[in-house]
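2 protein chains.
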Amino acid sequence: MSKEIEIMESVYDKNDKVAAKINASLTQKGVFAINVMGAPGAGKTSSLIQIVKRLDKTPYVIEGDIEADFDTKTLLSLGVKTIQINTGGACHLDSPLIGNAVDELDIKEGVLFIENIGNLVCPAEFQIGEHAKMLISTVTEGSDKPYKYPLAFEKADIILINKSDLLPYIDFDQDFFMKGVRALNKTAPVIKVSGKTGEGFDEVVSWINSKA
Amino acid sequence: MSKEIEIMESVYDKNDKVAAKINASLTQKGVFAINVMGAPGAGKTSSLIQIVKRLDKTPYVIEGDIEADFDTKTLLSLGVKTIQINTGGACHLDSPLIGNAVDELDIKEGVLFIENIGNLVCPAEFQIGEHAKMLISTVTEGSDKPYKYPLAFEKADIILINKSDLLPYIDFDQDFFMKGVRALNKTAPVIKVSGKTGEGFDEVVSWINSKA
Numbered sequence: 001m002s003k004e005i006e007i008m009e010s011v012y013d014k015n016d017k018v019a020a021k022i023n024a025s026l027t028q029k030g031v032f033a034i035n036v037m038g039a040p041g042a043g044k045t046s047s048l049i050q051i052v053k054r055l056d057k058t059p060y061v062i063e064g065d066i067e068a069d070f071d072t073k074t075l076l077s078l079g080v081k082t083i084q085i086n087t088g089g090a091c092h093l094d095s096p097l098i099g100n101a102v103d104e105l106d107i108k109e110g111v112l113f114i115e116n117i118g119n120l121v122c123p124a125e126f127q128i129g130e131h132a133k134m135l136i137s138t139v140t141e142g143s144d145k146p147y148k149y150p151l152a153f154e155k156a157d158i159i160l161i162n163k164s165d166l167l168p169y170i171d172f173d174q175d176f177f178m179k180g181v182r183a184l185n186k187t188a189p190v191i192k193v194s195g196k197t198g199e200g201f202d203e204v205v206s207w208i209n210s211k212a
Numbered sequence: 001m002s003k004e005i006e007i008m009e010s011v012y013d014k015n016d017k018v019a020a021k022i023n024a025s026l027t028q029k030g031v032f033a034i035n036v037m038g039a040p041g042a043g044k045t046s047s048l049i050q051i052v053k054r055l056d057k058t059p060y061v062i063e064g065d066i067e068a069d070f071d072t073k074t075l076l077s078l079g080v081k082t083i084q085i086n087t088g089g090a091c092h093l094d095s096p097l098i099g100n101a102v103d104e105l106d107i108k109e110g111v112l113f114i115e116n117i118g119n120l121v122c123p124a125e126f127q128i129g130e131h132a133k134m135l136i137s138t139v140t141e142g143s144d145k146p147y148k149y150p151l152a153f154e155k156a157d158i159i160l161i162n163k164s165d166l167l168p169y170i171d172f173d174q175d176f177f178m179k180g181v182r183a184l185n186k187t188a189p190v191i192k193v194s195g196k197t198g199e200g201f202d203e204v205v206s207w208i209n210s211k212a
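For the protein sequence lines, the chains are V and W, in the order given. Take the first sequence: its position 73, counting from 1, is numbered 73 in the numbering used here, and each next residue is one higher. Take the second sequence: its position 97, counting from 1, is numbered 97 in the numbering used here, and each next residue is one higher.
Honestly, I wouldn't trust all of these hints.
It does not matter which identical chain is meant; a pair holds if it fits inside one copy or across any two.
Distance condition first, Cα-Cα at most 30 Å in a straight line; then the derived DSSO-like pairs of lysine-lysine [claimed, not checked]:
{"id": "1", "residue 1": "179", "residue 2": "196"}
{"id": "2", "residue 1": "179", "residue 2": "14"}
{"id": "3", "residue 1": "155", "residue 2": "81"}
{"id": "4", "residue 1": "196", "residue 2": "17"}
{"id": "5", "residue 1": "21", "residue 2": "196"}
{"id": "6", "residue 1": "179", "residue 2": "29"}
{"id": "7", "residue 1": "196", "residue 2": "14"}
{"id": "8", "residue 1": "196", "residue 2": "29"}
{"id": "9", "residue 1": "179", "residue 2": "73"}
{"id": "10", "residue 1": "192", "residue 2": "21"}
None of these hints come from the bench; they were simulated from the model. In this text the structure is predicted, and so the values were computed from the model without any measurement.
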């Protein structure tokens with residue numbers, strides 16, 4: 001076994017151990033944690049805004065970005081308890097980062113949304129203490145995404161197809177998209193949404209309520 | 001220095017040495033190589049289609065994807081000499097992968113486009129033998145992308161703002177976007193394009209001709 005492979009295995013192993021501890025601690029507090037993943041500009045924050053508007057539980061947000069804190073400012077201005085993590089270059093969140101943020105947020109019963117780095121590849125490889133993974137895909141990214149980025153679609157517990165308000169202006173083959181999703185993932189609900197108009201988010205929040 | 005940091009430094013070092021060799025070999029053959037980067041669904045392939053239509057030099061394409069080969073099939077059907085690389089999970093192309101593909105493609109004088117994995121983070125960290133980096137951003141991803149993903153914008157030699165045909169239907173603050181770009185990168189031309197209508201690609205090809 002090469003030294004690179006050994007080191008990567010130990011990185012994953014350490015990450016998963018910390019993730020399991022975070023998950024147990026959140027469960028004990030009555031917190032349901034959702035790892036929100038998607039490509040850059042998929043509308044992760046605008047989806048969170050639509051969700052917290054409809055949620056009757058207390059929302060908490062951990063905002064992951066390489067740099068900048070626009071989304072944290074937006075969520076704080078809406079009264080959502082939010083903490084920013086800047087990775088300074090790293091392409092995904094890991095569980096030690098989340099452990100520190102959870103301590104700092106002082107979370108009580110409710111729903112914790114962890115907005116991962118905008119990246120359809122690396123975040124899917126790392127557990128960060130979540131109870132469920134929400135994947136946000138978009139009609140503007142195109143219908144071939146499940147085929148090209150299978151791991152994120154395979155691991156998702158719920159999949160949102162965002163920016164549905166733009167459907168009249170673009171080519172998006174929903175049957176082809178769904179065929180790709182179902183080849184990887186038989187069970188996750190797939191819900192068409194619009195962060196702009198709010199379409200579909202009642203259904204998303206019903207799903208959260210059924211799990212949390 | 002930790003073992004992880006040592007290993008990462010040796011990975012970058014090895015990659016850069018191979019990249020320098022590929023670059024020298026392509027230069028000697030009269031090939032200008034462009035590393036095409038962008039988020040998932042930014043329209044990298046549709047931009048390449050618009051570019052090769054207008055190019056009076058011989059185009060070659062190396063298509064990078066985690067899985068699937070839709071884009072290679074499309075380009076081959078247009079008569080473009082194209083080779084597929086599937087990384088099987090890895091989030092960026094590296095120079096050993098490109099070295100093998102270049103040998104297989106049997107490239108003569110012309111322009112080589114290397115379409116990287118759809119990812120606005122990791123590809124910007126790796127030289128792959130290119131003479132220039134082309135970054136494709138989109139109006140649908142939003143105007144905050146230079147602030148959130150600075151390295152890709154900092155390293156780009158040319159920046160395309162794709163999907164301009166959707167501007168009437170979305171909020172995109174071009175001044176804010178440009179302010180973010182220019183804080184990182186004083187010189188790269190920034191060109192508004194549409195892979196759908198062809199807008200802007202004459203200017204992109206003029207830039208390629210001025211360099212190649």
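(request) Return the numbers of the hints above that this structure violates; sort them in rising order. (result) 2, 4, 5, 6, 7, 8 and 10
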